[in-house]
Amino acid sequence: MTTLSGQQSTRLALGKARVFLLAGNPNSGKTTLFNALTGLRQKVANYPGVTVEKKTGRVRLPDGSDATIIDLPGTYSLISRSPDERVASDVIRGARGTSGNVGAAVGDFDAIVAVVDASNLGRNLYLVSQLVEEGRPLVVALTMTDIAERRGLNISAERLAEVLGVPVIGIVGHKKVGVEELVGVLGHARIARGLELDVPAAMRLEMVELAEAIQAAVPGLAGGRALAVAERFLVGEPSDGEIKEAVVERIKPLAAAAVARLASVGIDPVQADVEAHYRWVERVTAGALVPGCAVLELPPAGASGSGVGPTMLPPVAVRPKRTLTQRIDRWLVHRVWGFVFFAAVMGLLFVSIFSFAGPLMDGIKTAFDWIGGTLAGWIGPGVLADLVRDGVIGGVGGVLVFVPQIALLFLFLSILEDSGYLARAAFLMDRVLGRVGLNGKSFIPLLSSFACAIPGIMATRTIESRKERLATILVAPFMSCSARLPVYTLLITTFFTQWSAWGRAGIMLSLYALGVVAAGLTAWGLSRWMLRGGSTTFILELPPYKVPQAGTVLRHVWSNTKQFIVRAGTTILAISVLLWALAYFPMPTAAEREARATVARAAWEVEASRHPVDDRGMIEEMRPADWVDARVEAVLESEHRRHSFAGMFGRGIEPVIRPLGYDWKIGVGLVGAFAAREVFVSTMSITYAAGNAENTVPLAQAMRAARFADGRPVWTTATAVSLLVWFVLAMQCMSTVAVVRRETGGWVWPVAMTLYMNGVAYVAALVCYQGLRHFGW
Amino acid sequence: MKECENPSCDSPTGPERCRLNQLGVGCGARVVAVEGEAGLRRRLLEMGFCGGATVECIRRAPLGDPIEFRVRGYHLSLRGDQAKHVTVEPLGDGAVADSRAT
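Respectively, the protein sequence lines represent chains C and Z.
Each step along the first sequence adds one to the number in my numbering, with nothing skipped, and position 394 is 394.
Each step along the second sequence adds one to the number in my numbering, with nothing skipped, and position 40 is 1040.
In isolation and in its complexed conformation, chain C is listed as follows (with noise of 0.2 Å):
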């Protein structure tokens, strides 16, 4: 048994900090772990070249110097199914390889840290078999000891330590118990006792062979580690870096040939591998547990096909009490009350969202209309403040107006994830969504777009297969996300005046409906004709009931709105500003700005002799000099968008929005909508010359007074519904076209999915359009 001490110096010696890597099933209690070793002392960002997170910490060891800690995404098998778990596998895998993998790119790494739940030790343990077969230095925290033995399962964690020959730590995470033995031990990880797998003997013969061949191949390696490999070649997963390519293509054939002739004497490699694994497993299951206090599941003696019996302890029986967690499922996943507790939840969490963050959004708008306007003040006029208040603070504050709503959904998901609930509403929704070719676990997908598609589009990685998943991501973007609520609250609040406040609201509310349909039959039309073939899975784990922790609730949150912040004050303020360059360049000359302002002049001040004041709508207070100059100001401003880069863009693509009821103006907010939805409701502001951006009332007034060159007014009912039918459909979000394109690994679906979502939007826009005015709307 070889301890760290050999890599340790070198590493030392080159002055690198140690390296360990915490690796456990989902649901095992890592994450509790993780954030009860490293503390506050952890940063999140994604693993190199894909979007799985790549959660770092830091711990001091007891001899002073610093360690990094990696936790590594929960996975139940080394052979991996989704992205996650791939990404744990390369980099417990491709430190060792040449490939470059996700693996090879995190780089080494001096031991794994294995979590093992306890109170589930038969599958945990799993994993640990096949992390001792990788030869690497290792350490068992072992956590839930508390609830296996109020299960009457008494686990010692010393013998366990003596079976598996690595330090074993028992840990109860949440109260930071056996913590500090954890960080003891680490420097002390050793290479566990080899498998001495009971497999077959016939495929014993093979395995031996095999590794012989390897050995011969590859001069140097070790019997053991040759073994291991000879036994991956045999279960058809050869190639992980370990050795090189050209000499996997040559023991390929041999490999072909040996699996052949087992399975003609009936033996599945596969199968005899993973029971073999699991036979380990109840042995070392056996010689962990006091004796006398519990009771495994006996495998009948002769069924496996080997005669090799684990010793087990003597049953003691007990019938099986009615956990806790059946209890509240016999509730929660009933077929009446669970569906109900459900549609409960779901309307709690969209009430929340939707109402509870209000005032703070308010808050955070008037915030960043101070500052804009403030710094702008400082400033002084010109292009500079204009830049500054309108481009930088304008439109980052529009996006992080969005933060108390992400925060809120990212409060919800946690604590339903953490409480194990959500696996019971994948578990619920799954023949519902089955139907139209997704999947249960895409549900927690589709309910993070209602808050931004790129969260849920990233949250679609635990689906393993790869034909749902694409289905996922391409109909995520039709939920309707929190970008488009301004927009539809500006349409509806203006076009609906004399709509009662439940029938706004049914608006609302059918416009989500519209999205989630649009969904569905997109995802339907996918799995019939697109995406066919391959295989579609559901294996979820219910895991039991627990009260969520408020601190990983609480980073879990932190980490994901700050993700969102950061993407704000990057991406989002290059486009906004290079937006508002394009709306604002060229700038009037002088001599343009006073023929304008003459005729404005001419024509507002006829306006204000015609009407009372209290017509005029905007400010009744106002003298009416004091409004006509204003008007004026408003109208020098939007003849100002008109002739920018973005009014001529506007009114060339004047011609092909014109059919779904839409003047230049819209045309040009359309554009303005790509840098980020919300950005509509400014534009709107900027170009039908209401002034103030604050206040909808005075837009509303300018929207309705608009009219066509022949007469006609611009804003009808047909039009609002037009819109609105094209901002649920339409794919306008150039962040979420980039989270598609990192994700599906090319240019294809996006580009298709863009297309698509815009020409079904066009399409049903203009239907929409064309048959309201049809019938006098």
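Misleading hints may appear alongside valid ones.
[As the list claims (entries may be wrong)] Computed, partial: chain C to chain Z, Cβ under 7 Å:
#: 1; residue: Ser77
#: 2; residue: Val274
#: 3; residue: Glu275
No lab work stands behind these hints, which were simulated from the structure alone.
Positions of the beta carbon are idealized from the N, C-alpha and C atoms, including for glycine.
Chain C is already provided as a structure; the job is to place chain Z on it using the hints.
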């Protein structure tokens, strides 16, 4: 644990055996074999459905699918489409001394 409600099991594997998706709610069974596409079969095996393991059907989702099972002391849900690849031997009452969580 009660006896299998599904005596008229039409599984081709024999009258004593049935597919996991045909197992009645509340019934226990012993895994005999796992078939299906290689990736799915490996995952089912790895999640604990190996030969000899005891499985109990806990409940079906309200719409009939997926199905919740207990295997090796933890709870797992599978679609019927996946569960059908597992052949089991239903256990009568008392045939399992205990299926207690490990």
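Here is what the structure says about each hint:
Satisfaction of the interface hint for serine 77 of chain C is found here, the shortest Cβ-Cβ separation to chain Z being roughly 5 Å, below the 7 Å cut-off. Given hint, valine 274 of chain C at the interface with chain Z, holds; its Cβ is 4 Å from that chain's nearest Cβ, closer than 7 Å. Residue-level restraint check for glutamate 275 of chain C holds (minimum Cβ-Cβ distance to chain Z is 4 Å; threshold 7 Å).
Violated hints: none; the structure is consistent with every hint.
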